[in-house]
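**Student:** Listed below, chain by chain, are the residues.
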Amino acid sequence: MNNSYTTSGNSGPKVRSDCEVSLGLSDRGGIVIDLKSKVEALYGESIKKQCTEILNYFGIRDAFLRIDDSGALSFVIAARLESAIKKAADTELDYLPDLLEENKYSTSSGRFRFSRLYVPGNTPGMMINAGLHSADGIILDLEDSVGPEKKDEARILVRNALRQVNFNGAERMARINQGERGMKDLEVIVPQYVNLILIPKCEDAATVRNIENRISEIKANAGLNNPVYLMPIIETALGVEMSFEIARSAASVVAIAVGLEDLTADMGVPRTVEGKETFYARTRIVNAAKASGIQPIDSVFSDVGDMEALRQSVLSSKALGFEGMGCIHPRQIPVIRQGFAPGPEEIEKSKKIVLAFENAHSKGLGVVALGSKMIDPPVVARAQKIIDLAVRLGLLSGGWMNEIPAEMK
Amino acid sequence: MNNSYTTSGNSGPKVRSDCEVSLGLSDRGGIVIDLKSKVEALYGESIKKQCTEILNYFGIRDAFLRIDDSGALSFVIAARLESAIKKAADTELDYLPDLLEENKYSTSSGRFRFSRLYVPGNTPGMMINAGLHSADGIILDLEDSVGPEKKDEARILVRNALRQVNFNGAERMARINQGERGMKDLEVIVPQYVNLILIPKCEDAATVRNIENRISEIKANAGLNNPVYLMPIIETALGVEMSFEIARSAASVVAIAVGLEDLTADMGVPRTVEGKETFYARTRIVNAAKASGIQPIDSVFSDVGDMEALRQSVLSSKALGFEGMGCIHPRQIPVIRQGFAPGPEEIEKSKKIVLAFENAHSKGLGVVALGSKMIDPPVVARAQKIIDLAVRLGLLSGGWMNEIPAEMK
Amino acid sequence: MNNSYTTSGNSGPKVRSDCEVSLGLSDRGGIVIDLKSKVEALYGESIKKQCTEILNYFGIRDAFLRIDDSGALSFVIAARLESAIKKAADTELDYLPDLLEENKYSTSSGRFRFSRLYVPGNTPGMMINAGLHSADGIILDLEDSVGPEKKDEARILVRNALRQVNFNGAERMARINQGERGMKDLEVIVPQYVNLILIPKCEDAATVRNIENRISEIKANAGLNNPVYLMPIIETALGVEMSFEIARSAASVVAIAVGLEDLTADMGVPRTVEGKETFYARTRIVNAAKASGIQPIDSVFSDVGDMEALRQSVLSSKALGFEGMGCIHPRQIPVIRQGFAPGPEEIEKSKKIVLAFENAHSKGLGVVALGSKMIDPPVVARAQKIIDLAVRLGLLSGGWMNEIPAEMK
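Chains as they are written, first to last, in our numbering: chain G, 1 to 409; chain C, 1 to 409; chain Z, 1 to 409.
So here's chain G without its partners, still in its complex pose (with noise of 0.2 Å):
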């Protein structure tokens, strides 16, 4: 019998779409709820009915429990009020609100990943609109942005908006914790049909293994296939000296990421917007990613407010080979996209290396040449994306190739 309360969740004038409850486990009195919520006369039964549902999936007949609602959807309030049981009493249950089934596409390896917009992990208000912005993909963060006494709750939060949230298709990742921890995390998230796990401060190859290895067990016995992929961050000076062999290390890794605040920290150095004292890093980081056949991809830009700074920060990143860049706000998704989409020269190659395959294949020819210089299958499938990407975009139409004069092909 525990006479204290446990609390969950956050209240406050700044909180939007989340809540903050309060739970007093009793043994007698049935369930009391004392429920705040500016939407109380809409829902204030609905959610009153939910609490009373899940305490008593958990078993729990008498409780006192408090809710400081600042409109939280459904599946905050189920995730807030599981972690105020779990610290409460000990279980082995887990409440799962329903997994839309529209959450459940996969990716593909190969993907275009420019832009990925950081979510903090206990933030139910960023989660809800993270879709709208178009950004190729969305990590729920469980690192970092989520301080250690809210770990374990920003762990149920994102499960529930991993199964709730329908984020647009943009690809589903998750930045666990490192060690131990992070091995919980990928208990409570795999299953989720999240498509890819970031890595942080990974420094060698051993662990990159081991969750590899971790997620085919969860899979296996969630009885699921798709595919998680996974991208490792390299945040320290031991990360960069064992970049290859983490770019290398298994077979899911997609891409590896730059984490420059941490990376300089590490380096005892301050970070420049020339960025000459990571200028080594970063290239050794760019060449063992594409020397694996990997995504090489940079470092997030602080500086929310300088839109031309972020701007000339892409072109610099793509020239050096990064295909992608982390976001800290939604309006650096369309500078970055538009910045790391194929330019006009690459759209020109890639029209003549995709016309040079098709010409090939129309003659019957096992070998792809443009003039005198053989073309590699890999260059070819880079081609061909490029082009979709940029009749995606708007950049080419869709019926370029019949547009060509014939003698030109």
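Keep in mind that the hints are not guaranteed to be accurate.
Where chains are identical, the list cannot tell them apart; a pair therefore holds if satisfied intra-copy or between any two copies.
As the list claims (entries may be wrong) - Straight-line C-alpha distance at most 20 Å; calculated DMTMM-like pairs for lysine to aspartate or glutamate: (1) Lys151 - Asp90; (2) Lys36 - Glu323; (3) Lys150 - Glu187; (4) Lys276 - Glu345; (5) Lys49 - Glu20; (6) Lys349 - Glu261.
Hints are computed from structural coordinates only; laboratory data are not their basis.
Add chains C and Z to chain G, keeping to what the hints say.
**Tutor:** Relative to the frame of chain G, chains C and Z by itself:
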């Protein structure tokens, strides 16, 4: 019995010093030759005689042969006809023109390789005068400059060129193809006293060692013991990652080159004049080469019209430690040679080192010192080489040592 | 019986605090001393007495000794005479002046090593005042600053200096020679409570481990247990290639330094002020050191006359992550120390970050923000380290946080 025609070689308004031959085998009627040539009046009979001889050598008694000649030399005609025959009929035979005695020279591992002229392997017009431009090396290229359907005939043409064309002391080099085709190239090229083999798109040490072993076998079978050096070319991010392993992979590796067109394509970035996108790769390759005691060689400079830009590029290249550069046009050679030649400071420093060595030697000292600093034997050797070159280039008098006042020694 | 003279030490118009001794052994006539000294009137008898004592110590009863003294201290005279004796006669004996009690201090692995002053190992005039300039470390150099024929006498002089010269708390360092000679240096130097050994032209981990093992043996034999740290110097392209292996080769390695004069010579390039030619090497070495948790130390700056250029060089060096630099002249020390210490901007920024963290922490927030910018935990940690150093250097009051008005927090 094959009634169709096989062809080999090139014809057309822009073709010089080449011919196109079409061969139809028959079972009666003897050898019929249809020759179209500007030099028919002078050389017609001799060309026909040569062709008949070659056909007989391969056991062909009945055939129709059409030759569209643009002034091909005898070794070219022989190569074109042999190629056509080999397309038409299985044969183990090779028709080898004489190997000029003056082509049987060897080179040394440490010789300067400032400039090396690329000559496409299926373009005889560019081979004939290649030796007139004082390039340090001439590369007969079987790889990227030869289309897939021309690979076999280029191999035979290059073989004949190595036997019959005098390159005036330039290092005689060949760039082979990748993989199995490259191994076939070796069979044909190595016995021709070639000095150096370029290995394209090299990505591991094992490939280099396989090639070294195969060359040893071929030389042993042919009873040859001239040195055949290797220059792997790094053209992919994976090659960059492996550059140190490649540089020290085998005793016959004397240099590693970087190919920036292919490397930037592999990285998916545009190649810029400033070259920030390949700075990591280039400096890593330089370091890997120097750490292995071999020469780092820079990429070709693509803009054959801009001599001033080339000059700047050579100076930057040398400043980073590169010791040579590829050329795709003869006019680039003097600019490159002059740029990589030792400057006045380098010559002055080398003079001091050579004098210190002579001093120590005359005093019977085992250790050479300049001031308080000991000078290692390889540094002395390099200084001597620079002095020798400076004398050869007329930058220093051959009797410079005698011209120094005794009190300065 | 050896009738020829052996000599040791230096004389001449520019020599200070040194002496040149010439020793001729004899079999009769006792000890005859011919002393030429400006201080003969004052110290003549005492010098002669010391020399007779030392000769007796080595069992020499008959000898002719000429001393050309330029104001040598007692430990210098002793070293010079011992060297002359050891050239003249085989002996297992060493003549050790007292080891000052105040020289028996230890240093810590993580102490700041902003500046380290090189002192040539055979120039006593530069040793005596070396401790007055507040260098973090003083290097008694047995390697490049000592000519081959002076190596043995320098070793004895440095030994005596380590016993008799007070370096005022500077880290007491010695740079040994390469190879077998370096191992002999260790025998003589390690028992003198030396704090750190610099390993020149280091190219592999095995060399470092051999030296560490040898030092352990020497310390065990001498009954010593003070820490002796190692600082390998990377001075060749091969060393650069091995820098990570070297940095983590042994537990006593606390720093790796780069030697750019030798490195550029090894690479065959001129050393420039901008340093593009060594950018790869320097940044790779910094990363290797940081990845191994040790300090990366920059090369000496050769132009002792240009303080402004030195200042710029220090700032660039620090910006890349170097944590110290060699000095070849005492006047460079304050510029280097000041340059590597945290600057006002760094301190101000660190204060803001630490305050923002304290603020967030007191409010229970998981995310620390400064303006629109999120601040990650490692950045907070670095800021705290800078604040601690600033307080230690007296650049900031220990109670700074209480001195800030409440409304600014």
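**Student:** Against this structure, judge whether each hint is valid.
**Tutor:** Tested hints:
1. Taking the shortest Cα distances, Lys151 and Asp90 sit within 20 Å of each other inside one copy (17 Å), while across copies they are farther apart (73 Å).
2. For the homomeric pair Lys36 and Glu323, neither the shortest alpha-carbon distance inside one copy (47 Å) nor that between copies (56 Å) is at most 20 Å.
3. For the identical chains of this complex, Lys150 and Glu187 are intra-copy neighbours only, at 18 Å inside a copy versus 58 Å across copies, given an alpha-carbon limit of 20 Å.
4. In this assembly of identical chains, the alpha carbons of Lys276 and Glu345 lie at most 20 Å apart only when taken from different copies (19 Å versus 27 Å within one copy).
5. In the homo-oligomer, the alpha carbons of Lys49 and Glu20 lie at most 20 Å apart inside one protomer (17 Å), although the nearest pairing across protomers, at 90 Å, exceeds that limit.
6. Only between protomers do Lys349 and Glu261 lie at most 20 Å apart by alpha-carbon distance; the minimum there is 14 Å, versus 36 Å within a single protomer.
Checked against the numbered hints given earlier, this structure breaks only hint 2.
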